[in-house]
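Trainee: Okay, here's what each chain looks like letter by letter:
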Amino acid sequence: MGTRVEEKVFRCSFCGAEFSIPKTFVYATCPYCGTTTRVDNPDAKVDHFIFAINYDKNSSYRRVKDFALMQVGIAEDFNDNVDFDSAYQYLVPLYIYEVDIKAVCRGEVEKIEENEVEISIHGGEEAAHVVVIALENPPIDIPKDYSFPAKNRIYFKPSILREGVYLNPSLDPETVFEKIKRPYIEKTLSEAETACGKKYRFVDNSRFVGLAHYPFWIITCNYRGRKYRAIVDAADGTVLYLEYPISFKQRLKGLVGGIGSILTASIIGTAISYTLSSNIIYSAVGGALTALPGLAIAINKFSRSKGVYRYKPSEEAVFAPIR
Amino acid sequence: MADNVRCSNCGAPLDITPETIATVCSYCGYLNWVRQDLKEDVLVVKPLDGKQLQEKIRNFAVRRKLGEVFKDTNIVELTLTLVPFYFIDISAEADYSGRVLVYITKCRRTKQGERCWTETRMVHVDGVYGPYRNVIPMIARRGCDVFSAKAIAYKYLEDNPRAIPITSAELSKNVWRNILSIDLDKKSVVNIALDMHLDELREIVVKVIEREAEGKVMMWSSGVVTGSTIIWKKITPINIKISSSKPVLLPVYTAVYRYGGGLHRLIVCGWDGDVIAFERPMKTGERISWGLLGAIASGVLGGLAGALYTINMFASAGLFILGSIASFYCMRRALSPIKSSIVEPRYRKVLSVEKISSVIKV
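Protein chains in written order, with the numbering used here: chain A, 1 to 323; chain B, 1 to 362.
Hints are not guaranteed to be accurate.
[Said to hold, decoys possible] Mimicking DSSO-like on lysine-lysine, the simulated pairs with C-alpha atoms at most 27 Å apart in a straight line are: (1) K144(A) / K57(A); (2) K111(A) / K234(B); (3) K187(A) / K207(B); (4) K234(B) / K253(A); (5) K144(A) / K179(A); (6) K45(A) / K187(A); (7) K227(A) / K179(A); (8) K283(B) / K56(B); (9) K187(A) / K234(B); (10) K106(B) / K207(B); (11) K181(A) / K144(A); (12) K349(B) / K312(A); (13) K106(B) / K179(A); (14) K283(B) / K306(A); (15) K111(A) / K39(B); (16) K71(B) / K56(B); (17) K45(A) / K187(B); (18) K179(A) / K312(A).
[To be verified] Computed footprint of chain A on chain B, listed as stretches where at least three residues anywhere in the stretch have a Cβ under 8 Å from a Cβ of chain A: (19) 299-305; (20) 327-333.
[Unchecked claim] Some chain A residues judged to face chain B by a derived CB distance under 7 Å, without partners named: (21) C33; (22) M70; (23) N115; (24) I119; (25) H129; (26) I154; (27) A195; (28) I272; (29) N300; (30) K301; (31) I322.
No lab work stands behind these hints, which were simulated from the structure alone. Beta carbons: idealized from backbone N, C-alpha and C, even for Gly.
Let the sequences and hints guide you as you build the complete structure.
Mentor: Right, dumping it as structure tokens:
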């Protein structure tokens, strides 16, 4: 169900084949020869890349299994009783930009020798490499601050269209570029104005590097008749999302621990009020109430039989791989 | 990978991307410069071999009473990576001037008690700060700005191990196959390093302006300086000198051990086997301790909160909040994943900084 998207016929500028595309598409990739062109300017050169798929479905499934074994409360027999169910590859479009902005103060002199540079006076500068998802609503849940690696990028090959779910970009790259550049320009101009007032020259060498597709696997596995889903970065094996079974024994331990702590806290609270000859009820309630957040964590973790892991860069910071 | 780009030494196809500047042939170990215009010598710090490394890890494990976890039979994976770095030496001064509003609190004893009020003074400051110098390690690849890379760069600058030209290093096949290619040219790297360095310099000079203005007011006024606001400032970086090293390949090992149904990782310095970070199993006793601590803390604080409820509601509320936070934090620790990540003390400051140059000062 859903609204039917209006389509139009598009003619490939390389091989001449005709195919239908939604009217909203910014780029069209020919399903016959794999050439990618701008819909509004078919003659414009388009650099289209794909990040190398270093993890096939088998190695991604192994990653999911190994990662699940690291989660607290995982069912003890998970390794023995889990089976592969399915794997789908999604190719998510990204726009890649190089930001290179300078505000050069009047009188700035740059002397460049082999391995040395000397600059007499400097205004402002910003340099950055920015990668943005080229879709308004990606169909798979990619963390907002996920950094897509820019290595292992190769030119797009048409054979890849047959291997996965190919997602077309829906955002206009120029509009996205202007939005991305704005804070860098503002910072550069602010630095230049702080350095030399209005006496500067603005130089923008930023460029749109191109469109690149990034591969992800959605892996489903079976454990004791229930399905568990995972999302794996097919370029470097990072697990972005994982569902895993929590054992009944672990759940019971966790809940008992949580309830035990609330009772202990209550008893301690009562003991304190008894010592201070104060209102016993208030102290007992106070002790119990302050232990509630701890109980809430235990219940949240162990009331469900399915645990969920979501990739958080800050938590994975120490062991993030060198890509 | 791009077709038809072959090793100039053995003719094997090279594994390159549109950004590759230089890469080592995985068949013969020859360093190929895809961008011949950027060709220069590349240095390498020779890594330990696998056996030497395992011995270092074993010794570490024995010292930390983790011999059962990190024993050779538990190894699942041992990966060597050689990361290309440029070390950019930047020195810059800043010509600054500013107008600062400084706040002074003055107090006077009166018959009714002490009366305090705040006055302001407008101060002009100017001068030249610096030179501010730093050596900034820059990875010659994008998307590599991770903890292990930063830690290894930090260690290189501190320990200064010997780096030799790759052409005379006689690296084995196991090593040259793990060399990451150089994907960023020196000019781009210098631009990024300069941006980082000057941003730091500007932040420092802002504080210098504030301190100088407050210092001037303290010298000439009575009362206590309580703060300041910069109304106008001019900070111009001048006399910037930048020099960059040749590319240096630094080795780092990542090891994975299987123990107790789980996997435990180590990051190890590739040239001397120093453990940078590791994961160890979290013991049941530790979990119980955290749970108990949470219960005791929330019980004590909650009990006191209850006892004070009718006497002082604000104090009671404060204690209640503290008790809830203690319970929340302790239970989270008790239920954290089956192992704890330990970063060795020497590298902890690297974990908390965004830029490695903030840690290393020349």
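Trainee: Go through the numbered hints given earlier and state which of them the structure violates, listing their numbers in rising order.
Mentor: 4, 6, 7, 13, 21 and 29
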